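From just these sequences and the hints, can you work out the full model?
Those protein sequences? They're chains A and B, same order as listed.
According to our numbering, the first sequence is numbered sequentially starting from 1.
According to our numbering, the second sequence is numbered sequentially starting from 286.
Any given hint could turn out to be false.
[Claimed, not checked] Sample of chain A residues at the chain B side, in silico, Cβ under 8 Å:
id, residue
1, Q20
2, R23
3, K140
[To be verified] As a list, the in silico DSSO-like pairs of lysine-lysine whose alpha-carbon atoms are at most 30 Å apart:
id, chain 1, residue 1, chain 2, residue 2
4, B, K402, A, K53
5, A, K167, A, K123
6, B, K319, A, K211
[Claimed, not checked] Now the in silico label distances, taken between C-beta atoms and shown as ranges:
id, chain 1, residue 1, chain 2, residue 2, range
7, B, T354, A, I238, 14 to 24 Å
8, B, N432, A, I201, 44 to 54 Å
9, B, E420, A, F109, 26 to 36 Å
10, A, K167, B, F385, 38 to 48 Å
11, B, S324, A, L55, 13 to 23 Å
Read the hints as simulated data drawn from the structure, not as lab findings.
Bear in mind the structure is a predicted one, so any value in this text is a computation, not a measurement.
All C-beta atoms in this analysis are idealised placements derived from N, C-alpha and C, irrespective of residue type, glycine included.
The chain contents come next:
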Amino acid sequence: MKYLTTLLLLFLLSSTLMAQMQRQRAVKDGPVEDIFRIGSITGMSTVTTLEAKNLNSLIMHNFGLVSTGIEEFYGLDQNAAVRLGFDYGVTDELTIGIGRTSVEDNVDFRAKYLILKQLESDKIPVQIAIKGDVGINTQKNTQFDEFTFQERLNYFASVMIARKFNKQLSLQIAPMVSHFNTVKIERVGEIPENTHYGLGIGGRYAFDERKAITFEYLPVIGDRSPGTKNHFALGYEIETGGHVFQMFFMSGKWFTEQHLLARTNTNFFEGDFRLGFNINRVFGL
Amino acid sequence: MKNILLITLFAVLQTTVSAQTFYAEDGKAVFLSKVPLHSFEGSSENLVGMINLDENILDFYLDLETLDTGNGKRDRDMRLTLNTEEYPFAEFYGTLSSPFDINNPEPQPATAKGTFKIHGNQQEVEIEGTLTPTEDGLLLKASWILNLTDYDIEPPKLLIIKVDENQEINIEMLLTPYSEDE
Chain A
1 MKYLTTLLLL
11 FLLSSTLMAQ
21 MQRQRAVKDG
31 PVEDIFRIGS
41 ITGMSTVTTL
51 EAKNLNSLIM
61 HNFGLVSTGI
71 EEFYGLDQNA
81 AVRLGFDYGV
91 TDELTIGIGR
101 TSVEDNVDFR
111 AKYLILKQLE
121 SDKIPVQIAI
131 KGDVGINTQK
141 NTQFDEFTFQ
151 ERLNYFASVM
161 IARKFNKQLS
171 LQIAPMVSHF
181 NTVKIERVGE
191 IPENTHYGLG
201 IGGRYAFDER
211 KAITFEYLPV
221 IGDRSPGTKN
231 HFALGYEIET
241 GGHVFQMFFM
251 SGKWFTEQHL
261 LARTNTNFFE
271 GDFRLGFNIN
281 RVFGL
Chain B
286 MKNILLITLF
296 AVLQTTVSAQ
306 TFYAEDGKAV
316 FLSKVPLHSF
326 EGSSENLVGM
336 INLDENILDF
346 YLDLETLDTG
356 NGKRDRDMRL
366 TLNTEEYPFA
376 EFYGTLSSPF
386 DINNPEPQPA
396 TAKGTFKIHG
406 NQQEVEIEGT
416 LTPTEDGLLL
426 KASWILNLTD
436 YDIEPPKLLI
446 IKVDENQEIN
456 IEMLLTPYSE
466 DE
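Written out as structure tokens, the structure reads:
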């Protein structure tokens, strides 16, 4: 009996090779994909860069404060702030962009470079990118008329460190600095700051492949201008065939981080936030 | 005595199988998608295959998440279209129905009949290609047309134009003699 059993076992072992192979998933150790779906959460940049030769056309809007109530149709009756921008992937690591914001006619040039990519194996557990932005206030017929080119400039720099923890959750922190060559004294005796430091915190929680909720928080670290509040935004992101739509409530009215950090003057948690939305459309060129 | 007999029998069985079995796990698979005025392809070098000449078996499969079209967003869309989370493999299992001479070093036409499965659906197919004995093993090349709707796959859209439901599939892999160490 034992002899027969052994024979049967040997036969089965041998015939295993002749049967259908067992299907096994390929082991990959590439970069983690989609830490964030697109280059910004609301106004805060993410570690995500465009792929080489891809162009993202980006329209960002927000309206007046929701707290203005029905009289102003919860802010929609007030003038919208709009930033129209284009970003281009020079390489998979380097993205450059240009944009214009309707508030103060600020034109900005920006670049983002991906230094380190998070790997599936966790050999590199985080993704790191750096970003720089230079803006110029081009507004005419205001107090800026008398300012020189140099005096109209504003700057931003940050280091973004992010990790995708699982298919759903990605988090990012971003030490940042903004600088304005010229600042305006709003009230006698108040001394505004030219430079602000901050620590951006952002996140994304995906419900599925297409939908996610997002947030960003830009607390100022250290001295701040009088009236400057920490910017916060809470959003909903949806991807539909080539577009990424982002709808959100945000405290600041700006879309450039130097302004969000230094010139946000409303407090989200006191009910002073506004409705906004971004439309991203990525083209392969 | 019985033990010696058993061991000998096992060794003979294994040797016979190994000598006629060829295996690869770095085969190349390419698909070509077309829309009017545009086409793109996706490829993977993770095609796993096995040929057993004793049994005339051809077996291969691909982890669909290894396909790369050169565009991350398109890759994501492709994975959603194919529902790779639920159905991660494209796979074929069948028999070689054409004669094959392993001692003839020329490329020989090869036909395999069997079941191709993708997206949780399967169809009986006939795949044609060539099989070439080389110093290292067997070189298999094959191509066929995969009709997406046959497998209940909704052809994706580029902007508003649907991708052609017929996809050209090409595979190429060098299968080496299977050894027990593998």
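Verification of the supplied hints:
1. Q20: Holds: closest Cβ of chain B sits about 5 Å from Q20(A), inside 8 Å.
2. R23: Because about 5 Å separates R23(A) from the closest Cβ in chain B, which is inside the 8 Å limit, the hint holds.
3. K140: Nearest chain B Cβ about 39 Å off; hint violated.
4. K402(B) x K53(A): It is violated: about 35 Å lies between the C-alpha atoms, which goes past 30 Å.
5. K167(A) x K123(A): Since the Cα atoms of K167(A) and K123(A) sit roughly 18 Å apart, the hinted pair holds (cutoff 30 Å).
6. K319(B) x K211(A): Distance ~28 Å between K319(B) and K211(A) Cα, so the pair holds.
7. T354(B) x I238(A): 14 to 24 Å: 23 Å, holds
8. N432(B) x I201(A): 44 to 54 Å: 49 Å, holds
9. E420(B) x F109(A): 26 to 36 Å: 58 Å, violated
10. K167(A) x F385(B): 38 to 48 Å: Because 45 Å falls inside the window, the suggested range holds.
11. S324(B) x L55(A): 13 to 23 Å: 20 Å, holds
Checked against the numbered hints listed earlier, the structure breaks hints 3, 4 and 9; every other hint is satisfied.
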